[in-house]
Amino acid sequence: MPTFVYMTSCDGCGHCVDICPSDIMHIDSIYRRAYNIEPNMCWECYSCVKACPQNAIDCRGYADFAPMGHSVRVLREPEKATISWKIRFRDGREKDFVSPIRTTPWGSIKSPADYAAPTTAAMNSQQLAHEPEALKIDALPALSRDRFKQGLI
Amino acid sequence: MFTSNPFAELSASVSPTIMQIYVVVMALLVAGGTLIDIIHKKSALYFFSNWRKSNVKATQHVGGGKMVSLAVQTAVVDVMASGEFCNVRRRIAHLLTMYGFVIYVVTTVIMVFAYPTPRTPAPANLPTLWYIGALMVCLGGYWFWFFIRVDVAAEGNSPFRFVRADLFIVALVLSVTFGLVWAYLQTRGNATWTTIFLALYLIATTVLFGSIPWSKFSHMFFKPAAALQKRVAEANGTRTNLPPPAEAPKIYGRVLGQPRHY
Numbered sequence: 000m001p002t003f004v005y006m007t008s009c010d011g012c013g014h015c016v017d018i019c020p021s022d023i024m025h026i027d028s029i030y031r032r033a034y035n036i037e038p039n040m041c042w043e044c045y046s047c048v049k050a051c052p053q054n055a056i057d058c059r060g061y062a063d064f065a066p067m068g069h070s071v072r073v074l075r076e077p078e079k080a081t082i083s084w085k086i087r088f089r090d091g092r093e094k095d096f097v098s099p100i101r102t103t104p105w106g107s108i109k110s111p112a113d114y115a116a117p118t119t120a121a122m123n124s125q126q127l128a129h130e131p132e133a134l135k136i137d138a139l140p141a142l143s144r145d146r147f148k149q150g151l152i
Numbered sequence: 000m001f002t003s004n005p006f007a008e009l010s011a012s013v014s015p016t017i018m019q020i021y022v023v024v025m026a027l028l029v030a031g032g033t034l035i036d037i038i039h040k041k042s043a044l045y046f047f048s049n050w051r052k053s054n055v056k057a058t059q060h061v062g063g064g065k066m067v068s069l070a071v072q073t074a075v076v077d078v079m080a081s082g083e084f085c086n087v088r089r090r091i092a093h094l095l096t097m098y099g100f101v102i103y104v105v106t107t108v109i110m111v112f113a114y115p116t117p118r119t120p121a122p123a124n125l126p127t128l129w130y131i132g133a134l135m136v137c138l139g140g141y142w143f144w145f146f147i148r149v150d151v152a153a154e155g156n157s158p159f160r161f162v163r164a165d166l167f168i169v170a171l172v173l174s175v176t177f178g179l180v181w182a183y184l185q186t187r188g189n190a191t192w193t194t195i196f197l198a199l200y201l202i203a204t205t206v207l208f209g210s211i212p213w214s215k216f217s218h219m220f221f222k223p224a225a226a227l228q229k230r231v232a233e234a235n236g237t238r239t240n241l242p243p244p245a246e247a248p249k250i251y252g253r254v255l256g257q258p259r260h261y
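Protein chains in written order, with numbering that gives the first Met the number 0: chain A, 0 to 152; chain B, 0 to 261.
These are computed hints drawn from the structure, not numbers from a lab.
Only true hints are included.
Which chain A residues stay away from chain B? Per the calculated CB distances, all over 10 Å, these:
1) Ser-21
2) Glu-37
3) Pro-38
4) Tyr-45
Okay, the calculated beta carbon distance ranges per label pair:
5) B:Met-0 - A:Thr-119: 53 to 61 Å
6) A:Pro-99 - B:Gln-72: 30 to 38 Å
7) B:Gly-82 - A:Ala-138: 48 to 56 Å
8) A:Ile-100 - B:Ala-30: 45 to 53 Å
9) B:Gly-31 - A:Asp-90: 44 to 52 Å
10) A:Ile-100 - B:Gln-72: 25 to 33 Å
11) B:Lys-65 - A:Pro-99: 32 to 40 Å
12) A:Asp-90 - B:Asn-156: 40 to 48 Å
13) A:Met-40 - B:Lys-249: 34 to 42 Å
14) A:Ala-121 - B:Gly-82: 43 to 51 Å
15) A:Ile-100 - B:Val-71: 31 to 39 Å
16) A:Arg-144 - B:Phe-159: 45 to 53 Å
17) A:Pro-52 - B:Ala-247: 14 to 22 Å
Beta carbons: idealized from backbone N, C-alpha and C, even for Gly.
With the hints as extra help, turn the sequences into a complete structure.
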């Protein structure tokens with residue numbers, strides 16, 4: 000279900016533009032409100048729906064199973080670490096769902112900027128930043144340099 | 000400079016009556032432009048349709064006293080404190096621009112109508128307030144337009160990019176900037192440049208008040224109505240179809256940092 004924006008609720012803050020992994024949430028050049036430029040390309044991740052501080056973004060159901068009259072509304076409460084969904088069906092039934100966003104307090108996860116800058120040796124290694132300690136394991140297997148191009152020739 | 004009434008000095012070359020007629024015409028343009036905007040966008044129709052839908056679905060009755068309380072909350076929090084904004088930088092920029100514009104317009108009207116010539120000297124505080132209001136508009140407006148309006152690095156746009164959504168803010172800051180430059184040049188006694196900047200000031204001001212059907216100017220009238228509707232929907236239980244708050248304790252706190260965006 001791709002997303003759409005209620006233009007009267009949106010204040011053009013750009014949270015959705017920043018968070019959209021598909022880069023299809025844009026700011027309209029006439030009204031300075033967010034809009035989904037290409038619903039066909041929407042991943043339906045609902046990041047924008049959940050991020051919107053004005054609750055101005057909803058999901059539009061596909062026409063074959065969600066004709067006019069339905070609604071999908073989301074309430075994010077970061078202080079409670081919950082996200083609630085309210086689904087209203089076209090026959091008037093309503094269902095509420097509550098899910099946890101996370102299980103650790105906000106700010107308790109180290110930011111990438113809080114880690115030390117990698118050394119030259121670390122940059123040249125086959126391991127990603129802060130591996131293997133960040134994976135909480137002792138070591139990762141590594142290929143020797145003479146086997147790098149094996150299979151390419 | 001900050002204590003001299005620029006409109007009284009202008010009366011040496013332009014009749015105060017012409018200035019007063021110009022201000023009245025601008026006020027009529029605001030009223031007419033806002034009405035055209037409401038009719039064209041059908042915003043009033045949308046507002047009352049939503050209001051009726053909300054009343055039909057209401058699960059709790061909102062009495063007269065509660066409605067007054069909601070209206071006061073809207074006026075104080077959403078309008079006077081720009082409570083709608085989730086981004087602190089946008090909120091400060093908006094407050095500067097909004098209060099600056101109000102001070103600037105009110106002092107302009109008072110000086111043009113009550114103290115139009117040097118024979119009716121304005122109290123020293125009045126021109127000072129005019130300058131303070133104009134500078135607040137410039138500070139908030141330029142901050143918004145160059146640094147908050149759009150994430151130029153992410154979008155690959157020029158900070159000078161001009162689109163229709165910018166019509167209101169650009170006309171506003173240009174009008175005020177040209178007004179300030181004109182007032183300064185007038186005190187310096189440079190007749191040619193004073194006339195040029197007076198013309199630019201009048202053009203920018205006319206564009207600001209005359210372009211309401213195409214600009215964001217009328218948001219100052221319909222945004223408070225939308226904010227009131229949001230509060231009423233919260234109070235009457237419809238909550239614009241949003242789910243009820245989760246039954247979970249507030250133990251995780253708020254997100255520490257706001258992302259640096261628009």
